[in-house]
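S.K.: Sequence:
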Amino acid sequence: MATKPVPELPEVETVVRGLRPHLENATLARVEVRRPDLRKPFPKGFARRLTGRRVVSLSRRAKYILALLDDGVQLLAHLGMSGRMVLYDGPPPERGKHDHVVFITAAGTHIVFSDPRRFGLMTLIGPGEAETHALLKDLGPEPLGNAFGGPLLAARLRGKKTPLKAALLDQRIVAGLGNIYVCEALFRARLSPRRQAYTVGPVRAERLAVAVREVLQDAIAAGGSSLRDYVGSSGELGYFQHNFAVYDREGRPCPGCDCGGTVRRLVQSGRSTFYCPHRQR
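FYI, in our numbering the residues of the sequence shown are 1 to 281.
Watch out, some of these pointers could steer you wrong.
Cut-off 16 Å, straight-line C-alpha distance, at most; resulting in silico cross-link-like pairs (EDC-like, lysine to aspartate or glutamate) [to be verified]:
| no. | residue 1 | residue 2 |
| --- | --- | --- |
| 1 | Lys97 | Asp170 |
| 2 | Lys161 | Glu142 |
| 3 | Lys137 | Asp170 |
| 4 | Lys160 | Asp170 |
| 5 | Lys97 | Glu24 |
So the derived label-pair ranges between C-beta atoms look like this [what the hints assert, rightly or not]:
| no. | residue 1 | residue 2 | range |
| --- | --- | --- | --- |
| 6 | Ala107 | Pro41 | 28 to 38 Å |
| 7 | Arg190 | Gly108 | 44 to 54 Å |
| 8 | Asp258 | Ala107 | 49 to 59 Å |
| 9 | Val210 | Gly52 | 30 to 40 Å |
| 10 | Glu94 | Arg158 | 47 to 57 Å |
| 11 | Cys259 | Gln217 | 21 to 31 Å |
| 12 | Pro43 | Leu266 | 36 to 46 Å |
| 13 | Ala107 | Pro202 | 43 to 53 Å |
| 14 | His98 | Cys259 | 41 to 51 Å |
| 15 | Glu32 | Gly72 | 15 to 25 Å |
| 16 | Arg213 | Gln268 | 45 to 55 Å |
Bear in mind the hints are in silico, worked out from the structure with no lab data behind them.
Backbone N, C-alpha and C define an ideal beta-carbon position, used for all residues, glycine too.
Hey, can you work out the whole structure from these sequences and the hints?
M.R.: What follows is the structure, encoded as structure tokens:
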């Protein structure tokens, strides 16, 4: 069994899309903070600074959720390993042990942030400070952005003397990619996770960029991958995990070729990597 993954870009994007109709242009009538910290302490006056503010827009950057408020402040949230955002039309039927933050809109919608492991994060970013904020300033390009493609990816990998998988997980090279979808994208692109990143020239980079974009889009369309703790904002489970080609499929036949090979697992930088050594070079 693979080590427990955190919600990745498709899961976060799914949450943002689910919350957007209920939060954008909504006023936060009340915010309840039920503990002093998650991974880090909440900023001083966190609930007070949010109360009464209108949410202008809701977006995603890498694996972060960003809510722009009408005073220019941005709420930044990270789901961590087990964080969930769940919507209720009114007050939840019961208070969960791990329900740490509740956002209540003027329309009566309750958005409950639950996080059993408390590796999530919430903070506030002042007006105009996002570009220089410690959590955002070094992030690479968005893999679903218009600028992302073979030429950009080749340039980002040039000179990187590190395994390709490790390079793709480096948030400074590409923002938001995680263990699951890097494994899946490398399989689609027929590239070995062991390959040195600097050897990925223009042709391979184009193939890889297409694979990255496609696997993320497929996962988002499927509602994200509900691995153990992840639940979408609507409470519905994603189902992309049923479509995994290699992730967590060690010992099973390679679904992409008739070589007779099987999916193998190796550990890279403390994380499980799944790949077909016959197909991926």
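S.K.: Look at each hint and say if it fits the structure.
M.R.: We went through each hint and held it up to the structure:
no. : hint                          : verdict
1   : Lys97 <-> Asp170              : violated, 34 Å
2   : Lys161 <-> Glu142             : violated, 22 Å
3   : Lys137 <-> Asp170             : holds, 14 Å
4   : Lys160 <-> Asp170             : holds, 11 Å
5   : Lys97 <-> Glu24               : violated, 28 Å
6   : Ala107 <-> Pro41: 28 to 38 Å  : holds, 30 Å
7   : Arg190 <-> Gly108: 44 to 54 Å : holds, 51 Å
8   : Asp258 <-> Ala107: 49 to 59 Å : holds, 56 Å
9   : Val210 <-> Gly52: 30 to 40 Å  : violated, 46 Å
10  : Glu94 <-> Arg158: 47 to 57 Å  : holds, 54 Å
11  : Cys259 <-> Gln217: 21 to 31 Å : holds, 28 Å
12  : Pro43 <-> Leu266: 36 to 46 Å  : holds, 41 Å
13  : Ala107 <-> Pro202: 43 to 53 Å : holds, 51 Å
14  : His98 <-> Cys259: 41 to 51 Å  : holds, 46 Å
15  : Glu32 <-> Gly72: 15 to 25 Å   : holds, 24 Å
16  : Arg213 <-> Gln268: 45 to 55 Å : violated, 23 Å
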